[in-house]
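There are 2 protein chains.
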Amino acid sequence: MPRGPDPLNKIITLFVCLVGLTACGQDSKTDAISENIQNLQAQALQSDLAYSLLHALTTEVGPRMAGSDGDRRAVQWSRTIMESLGFDKVWVEPVTFPVWRRGEESASLITSYSLPLAVTALGGSPGTEGQLRGEIVRFDNFQALVDAEASQVQGKIVFINERMEKSQAGGNYSKVVQGRHNGPYVAAERGALALVIRSVGTDDNRLAHTGMIARPEGRTAVPSAAISNPDADLLESVIRSGKPVELELNLDCGFDGAATSFNVIGEVSGSDPDAGFFALGAHLDSWDLGTGAIDDGAGVVIIMAAAKLIADMPQRSHRGLRVILFANEEQNVYGGREYARAHANEIALHFAGAESDFGSGRVLGLVASVNDDARPAIEKLARQLAPLGISYDASKSAYGGADLGQMRKLGMPAIDLRQDGSQYFDNHHTANDTLDKVDPDDLKQNVAAWVTLAWFMAESQQALGPLESAK
Amino acid sequence: MPRGPDPLNKIITLFVCLVGLTACGQDSKTDAISENIQNLQAQALQSDLAYSLLHALTTEVGPRMAGSDGDRRAVQWSRTIMESLGFDKVWVEPVTFPVWRRGEESASLITSYSLPLAVTALGGSPGTEGQLRGEIVRFDNFQALVDAEASQVQGKIVFINERMEKSQAGGNYSKVVQGRHNGPYVAAERGALALVIRSVGTDDNRLAHTGMIARPEGRTAVPSAAISNPDADLLESVIRSGKPVELELNLDCGFDGAATSFNVIGEVSGSDPDAGFFALGAHLDSWDLGTGAIDDGAGVVIIMAAAKLIADMPQRSHRGLRVILFANEEQNVYGGREYARAHANEIALHFAGAESDFGSGRVLGLVASVNDDARPAIEKLARQLAPLGISYDASKSAYGGADLGQMRKLGMPAIDLRQDGSQYFDNHHTANDTLDKVDPDDLKQNVAAWVTLAWFMAESQQALGPLESAK
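Residue numbers (this note's numbering), protein chains in the order written: chain F, 27 to 497; chain U, 27 to 497.
No wet-lab data here; the hints were simulated from the structure.
Everything numeric in this text was worked out from a predicted model, so none of it was measured.
Treat the hints loosely; a few may be bogus.
Identical chains share a label here; the pair holds if one copy fits it or two copies do between them.
[Stated by the list, open to error] Straight-line C-alpha distance at most 27 Å; calculated DSSO-like pairs for lysine-lysine:
(1) Lys422 with Lys269
(2) Lys269 with Lys463
(3) Lys192 with Lys463
(4) Lys435 with Lys422
(5) Lys201 with Lys406
(6) Lys115 with Lys463
(7) Lys422 with Lys201
(8) Lys115 with Lys182
(9) Lys115 with Lys201
(10) Lys463 with Lys182
Let the hints inform the model, and build the full structure from the sequences given.
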């Protein structure tokens with residue numbers, strides 16, 4: 027049934043207009059896009075849909091590591107949900123990858139006494155095949171390990187002790203994560219027994235942060251694990267005291283065959299089938315330690331809820347929306363790469379794309395990778411987002427996310443809605459990634475931002491591409 | 027070598043005077059106690075001694091559960107430290123108790139899938155003797171379990187789901203902890219298989235809070251454990267969905283013989299051997315999951331550092347100080363009860379006593395259990411503490427702490443320095459009880475408060491007792 031704005035929505039719309047004067051100036055009253063967007067924002071800021079979907083995903087499905095039973099449940103769940111939300115078309119596309127499994131894992135610091143540490147294997151790590159014990163050699167960061175002589179490392183357990191800094195933009199993650207990505211290979215090349223890193227995380231909880239190792243072709247990794255920040259503090263402190271210190275490590279993990287999971291795709295059709303669609307991405311898989319509420323349950327429900335609001339509009343938008351829930355992002359972007367491979371010839375259909383994969387912190391910024399002619403259109407979009415506290419930075423370009431970034435590389439225009447990441451790396455890839463870490467109001471603001479973006483893109487008459495392939 | 031105030035100390039003393047005008051009015055210049063206290067406070071606020079002792083205790087000794095190797099290391103360590111700090115006399119007094127040990131422990135929620143929960147056995151719990159599986163019956167709080175019919179509980183696993191509230195004073199701990207203390211017995215009497223409680227803690231980390239069950243004579247407990255707050259949220263949510271839900275519980279724990287540990291006691295002598303001493307207490311044991319930095323490493327180092335400042339004074343105080351580090355407080359106040367038994371005839375020697383056992387949050391309040399004639403003296407003490415942000419509440423009486431409270435019951439006057447407990451129950455009895463949770467400046471303020479109390483008590487000419495025995 028077609029639905030017009032109800033009185034409460036009108037009041038909220040008025041409020042949004044008063045708050046965001048820039049968005050409601052001379053052109054807004056005559057601008058159908060603005061009016062629809064204000065209405066959609068008001069609905070998004072009231073709706074509990076995203077939170078209740080996230081509740082269901084984290085409760086009924088739970089952890090969904092790629093290739094696990096939870097992964098299979100998640101595919102079934104999201105398919106059923108998208109169908110029940112009234113998407114016009116829902117389908118799946120297969121994604122095949124090697125299965126990494128985690129078993130028992132433990133570590134102890136051995137000095138004048140033995141202290142169990144909070145440890146977790148890094149994704150992709152081989153196991154230790156029983157208990158492994160060795161002297162520790164400490165490095166301040168990944169580069170220091172690269173610079174080390176093999177004689178310093180040979181037969182020892184490497185400890186990379188770089189602390190991640192907290193910041194709104196996500197801090198020095200890309201620098202610190204080098205130790206996790208490539209440390210296992212450099213340690214192996216220097217003859218180490220194993221690698222232990224300080225967790226790539228900004229918290230002080232005794233919960234270790236997992237995450238994938240790089241898996242470059244033809245190189246071998248040592249058994250690799252992360253210890254929690256307080257454990258790394260303790261280890262550092264014992265090492266500094268100059269006392270003999272060893273580590274005992276037991277990691278039962280490794281690759282075990284292959285599995286096929288699925289990119290789950292839903293579409294809300296537009297009125298013009300030739301206008302292509304705007305792509306909204308998130309990833310359906312999570313790590314196994316928590317229930318994947320922030321990574322990336324939040325993204326999954328934000329884009330589903332935004333698309334649902336548009337599906338419920340009384341009129342069809344000009345072009346459609348494609349919601350893509352990617353398989354196995356965590357273990358090396360299998361879903362995103364497979365999607366880009368399968369749809370490489372359909373770049374033109376992808377009017378533009380954006381991905382939500384940074385938890386549930388509020389959206390603060392807008393950046394775009396579009397052609398120069400399209401910049402005025404992005405400025406219009408920015409005026410629609412401004413009432414939500416979002417500012418546009420024309421000097422930066424968009425990444426497109428881990429998954430849709432693969433399409434970005436092939437020339438798809440991309441938009442990033444940059445979020446407040448102050449808390450994100452506190453719980454990222456830990457057992458603490460659970461529903462209680464999500465603020466329902468922040469989630470609503472995200473849906474409001476995404477529905478704004480989606481409607482604007484679905485209605486835009488201005489082409490954003492083509493862009494050169496960045497591959 | 028006698029040591030007078032240096033210029034920097036004089037400046038700090040002046041600052042303390044300016045801040046705390048009440049403490050530095052007409053009588054302060056003529057009051058030797060005030061002058062010494064101001065000097066001691068200034069030193070305490072500058073000294074890193076307490077923090078470096080806490081660093082050593084948590085690094086070199088680590089966890090020190092009663093009867094463990096860590097407990098033995100802690101006794102040796104604290105004896106050596108008190109001797110090296112220049113205490114006049116250091117000795118130990120034996121304390122014997124049953125040994126409770128913790129082995130492997132796990133729990134899984136079984137619904138349409140199986141989810142491992144963050145779980146830990148409650149201290150004193152019997153083991154499950156292998157895997158135990160049962161239907162869950164949920165109660166909002168301990169009283170609801172007490173009110174239940176046996177037919178509701180028989181053959182099931184009881185889940186007490188009461189959430190502890192956060193507050194500066196420690197919130198509703200004493201109410202919520204009933205489920206931990208007595209739930210295991212009531213559950214057994216109603217025919218339950220086992221008990222699982224929502225952790226008695228104010229955090230949202232997937233780390234369960236352990237703690238002792240009550241152990242009343244002649245009653246039997248079921249195997250009992252705590253799950254973390256996020257896990258309790260999840261369990262509650264699955265139960266509310268109406269789906270079938272069971273719990274699998276595996277607790278390898280239980281009592282295993284007896285051990286003898288020690289109350290470690292150090293004295294700083296006064297000038298008058300007949301004037302008795304002021305007793306400063308803390309407990310040396312900790313739980314096994316963390317390194318016992320806040321519970322009660324902080325108390326141990328605060329009272330040691332305060333006594334050390336007084337030991338270093340150029341002149342002896344009138345009466346001495348007795349620093350008592352109690353054995354096995356956690357598992358039913360064995361050290362405190364044994365001390366009270368052994369020293370019951372020496373109440374008169376204990377001029378008064380106070381215990382530090384609430385982490386490292388700043389001292390905010392002073393309360394006292396003294397005779398009415400001594401109230402003006404306590405008001406004088408309050409004026410000395412005021413510059414540190416501490417206010418006196420004459421309407422409340424002092425508890426004396428879990429350990430020295432046993433002497434309080436026998437008539438010893440007691441003082442409580444009440445701390446900011448806002449954060450305390452976030453990490454209490456969890457793996458997160460580690461050094462990084464301690465703010466060095468807060469620790470200094472504690473030492474300043476304790477050295478004020480200790481010097482005032484050591485110099486006081488006003489008797490605070492006798493009090494009636496409260497036993």
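(message) If you test the structure against every hint from before, which numbers come out violated?
(response) 1, 5, 6, 8, 9 and 10
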